[in-house]
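Student: One letter stands for each residue in the lines below.
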Amino acid sequence: MSTINNYITSSCVISNNSVYKNGVLVYENKNADLSAFLLSVYQHFELNYPRFYKMDNLSKLGWLTSEILLKDSFEKDKYKPEEVGVILSNANASLDSDKKYLASVADIPSPALFVYTLPNIMIGEICIRNKFKGEDAFFVAEKFDANFTAGYVGDLLNTNVIKTAICGWVDVLNEDYKSALFLVEKEEKQHAAIFNADNMTAIFEGDKKDHSLTTPPVFIAGVGVITAIGNNVTECLESFEKGQSGMGEITLMNTIHKNQLPVAEIKLTNEELAEKTGLSPGLSRNMYLSLVAAKEALDDAAIPNLDSLRLGFVSANSVGGMDKSEDFFIEFLKDNTKGKLKNIYDHECGSVTEVVADKLGITDYMTTISTACSSSANAVFYGARLIKNDMLDVVVAGGTDALTKFTLNGFNTLMILDKEFCKPFDENRQGLNLGEGAGYVVLVSDKVAKTLSKPIYCKLSGYNNSNDAYHQTASSPEGTGSYLAMQGALNKAGLQTSDINYINLHGTGTPNNDSAEGTAINRLFEKDFPPMSSTKSFTGHTLGASGGVEAVFSVLAIKHGLIYPNLRFETPMHELPFTPETKFLKGQNIKHVMSNSFGFGGNCTSLIFSEV
Amino acid sequence: MKAYIRAASCISPQNTFGDSVFLSDVVECTGTRLRAIEPDYKTFIDPKLIRRMSHIIKMGVATAQDCLSKANVEMPGAIITGTAFGCMEDTVSFLTRIVEMQEEMLPPTAFIQSTHNTVAAQIALMLKCHNYNNTFVHKGVSFENALIDGLMLLNENEAKNVLVGGTEEMVDTGFTILTRLGLYKRHPISNLNLFAEESKGSISGEGAAFVLLSKEPSNQNMAELSDLKIFYKPKDQSAIEQQVNKFLSANNVDIADIDLIITGKNGDIKNDEVYKNLANSIFAGKALGNYKHLCGEYPTANSFALWLATNCIKNESVPLIVADGDIKPKKILIYNHYQNIYHSLTLVSAC
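Chains A and B are the protein sequences, given in the same order. Be aware that the first sequence starts at 1, since it is given in this note's numbering, and climbs by one per residue. Be aware that the second sequence starts at 1, since it is given in this note's numbering, and climbs by one per residue.
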């Protein structure tokens, strides 16, 4: 029997005035006693079930937990009523109500209280609500016994007594309480964990997880960017205001797709870039772009006594020196002894970082991250963590990616390139346009922030990296990875969805991404949809650079009170109740900006920048 | 920052995977390229998927699975990999087709699997693991960076345990190019005689090694990863010595407490000079061990060294093929450098 796997397909934990669904904090209300808190949960989740008001606290807690557990997670029609079992346990049985009933006996015994003096009444409440008729049981134990629960419920499922179970722990005594319910099914789902004691214990104790290091926040002191809409911050902001996008025909790359596929090119040749940066000519375009933006950011930050600080460079990219490798391969494939070695020498992604770090004089620490299109969003928050862990004082973090034939042809084989200019979040979107660029923020510790002679931009308040675990290149239809990334970032920042004033969408313009991302936003934000837009409608998709580029735009949105327009949007997506912002808005009160970056391999990352 | 190493798994040019007794049957190979010994992947990967997977994906996924099962962990709190070259086979294949077919009629599979994060992504996909997932691609310290990330996650209480691995594959094209770039010797040599002659170049290697790091004490823990440090382009030998001394004193360890120093000697005369100089200075009189004659030189070879050190600590013995003498190590220092640009120090101790 033990070899048959069952799966935890949903979980809900309520404790310490917080509600966690599938490990993610979805609601908290710290200033309330238990009764008030339970009522606020009932109201927050817009549950409409008048019977709730009659229940005792134990039943209320169990019932609320089961409602949140099942919401959006349980396909009720899949099961017959007698196939659903409810197996619960706790330490104090119905003692909480027993005591209240006993107090009432002195006067007039309360029948309303009396009916709740059995703990299994709570199971009844859950079953009445859902019309469940399967096996049920209530156990009393000193502590949540994950091993026992795994064994008992596992046997019921494996012997087909029931086909699905709601099991776990619901305990109340006065103001002490905790509930943890698990939905267990035989079929594996996208975000399921194997049903065993270890996983139940991990979920049960999830509320004890320290959600943030008790260290001061990490601040943004400088920004730098280069994209098809500008060679620096000022030029990019001007293009946004004018509504001028960077897409056009391919002029710099030698490819058969010229005049066929639009791209967002930076209108500087490699020679011009070499001249501008002071790097030697003939290097990978990636190095030039990276240096332009990283240097702008570092100069912008103007950190006093930088030499005395621990300085790091965390730069992401996805193609490394691929443009030069492409040149090398033409000769090399004809004759393996040919091809200029100089052109292949810096093929590795890490070479790009190293050459730029050397030019910037950064030696304390450098690294390169490559997680496809979320690469530089990961670089930004990895940089912040290096500061939080007291390994560095200042980190230049972001990424770069130049256009190459490798990526252009790669995306073309996937048939996700739009032959027209892209239309993110439009019902009739046809795909993405590739772009190129680099974007970096300068992250500084609390201590360094205090020494700056100019105001800091904002802080990085939240971040999360989650994996969609659905497909190597496609996003899951429900956007599981994006949902978890956004929710995790909010959690880390200690913010609610209603706190977010602007979302810089990943918004590539492919049917798959925008639908998955939109669905996840719809699920997470529910009704309070903040203004949102995809700046890829200006810059194209700059791949490994996009998280860094868009981090810069997000920081600038806070600094200048901006919301960027989503160009070429015409028709709302049929499945979404919201539309992207189409106008350039100035003078907005922007306190919190969320920036999304999702990539191949299911790598999903969300960052949140907040006003200081 | 430190963590326990709960389990370690390794695919390499030696019999290091599965039930083989720790380096008991050393593989000798004459040439300049050591190839990983591949297990029967069917035990670890759905046979339908194996066909489409490149060498590096198979090695990475199987090693990760094996490591998790040894650690008795079904769902790691994070998956972090390091690789300098990434998916070389698929990259070369797609690049070749772009040139040969002049950008027309290209199949997408090679492109899809060419991104550097493919191994970490495939592990997540196989486990349906939604947790933190990251890939470091920084040349000769890609694996060390992945370890630093893992240690930080544990320190931040973001995860209870983390799966960290280094993966690298070598293909014919890459081997030809790197030979032209002077990385490998120009004449065949037995890997077991790698240190017997003084000449330019090393021998090429490849492999995958994963460790499961945890903060929780357990009698299952094999060793402790006590600390890790990377330093960049030291200007001379005394700068290296300073770094080593600083690292040891930061960990309250005296060089006398180190039972074995495993260095990244790779047979290249210039590369090995760094180790030779240290052997005559701060490492004088210490037991020194080697490993690159076993796995070859590659950017994430340090993951093999960590697997090796972990097993030496766990077994309380050091195979003679690694170091002379009867050593029962409690503390091992791994010192590796990659082309004298990236240097790393890893301290592994008994629990």
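Note that these hints are calculated values from the structure, not bench results. Note that the structure is predicted; figures quoted are calculated from it, not measured. Hints are not guaranteed to be accurate.
Claimed, not checked - Label pairs and their calculated CB-CB ranges:
| # | chain 1 | residue 1 | chain 2 | residue 2 | range |
| --- | --- | --- | --- | --- | --- |
| 1 | A | A32 | B | A250 | 42 to 50 Å |
| 2 | B | I269 | A | G278 | 48 to 56 Å |
| 3 | B | V21 | A | K359 | 22 to 30 Å |
| 4 | B | P107 | A | S280 | 32 to 40 Å |
| 5 | A | E249 | B | P107 | 53 to 61 Å |
| 6 | B | D254 | A | E611 | 44 to 52 Å |
| 7 | B | S24 | A | K71 | 50 to 58 Å |
| 8 | A | E135 | B | K314 | 27 to 35 Å |
| 9 | B | E104 | A | E238 | 33 to 41 Å |
| 10 | B | I269 | A | G282 | 50 to 58 Å |
No residue lacks a Cβ here, since even glycine has one placed at the ideal position from N, Cα and C.
Student: Against this structure, judge whether each hint is valid.
Tutor: Each hint tested on the structure:
1. In this structure, A/A32 and B/A250 meet the distance hint of 42 to 50 Å, their C-beta atoms being roughly 47 Å apart.
2. Taking the beta carbon of each, B/I269 and A/G278 are about 35 Å apart, not inside 48 to 56 Å as hinted.
3. Between B/V21 and A/K359 the Cβ separation comes to about 50 Å, which falls outside the hinted range of 22 to 30 Å.
4. Remark: the range hint 32 to 40 Å for B/P107 to A/S280 is upheld by a beta-carbon distance near 37 Å.
5. Distance hint check: the CB atoms of A/E249 and B/P107 are about 27 Å apart, inconsistent with the given range 53 to 61 Å.
6. Between B/D254 and A/E611 the beta carbons are some 50 Å apart, a value that agrees with the proposed interval 44 to 52 Å.
7. In this structure, B/S24 and A/K71 meet the distance hint of 50 to 58 Å, their C-beta atoms being roughly 56 Å apart.
8. The beta-carbon spacing between A/E135 and B/K314, approximately 46 Å, falls outside the hinted interval of 27 to 35 Å.
9. The supplied range of 33 to 41 Å is met by B/E104 and A/E238, whose beta-carbon atoms lie about 39 Å from each other.
10. Under the hint 50 to 58 Å, the C-beta atoms of B/I269 and A/G282, about 30 Å apart, miss the expected range.
Hints 2, 3, 5, 8, 10 from the earlier list are contradicted by this structure; the remaining hints agree with it.
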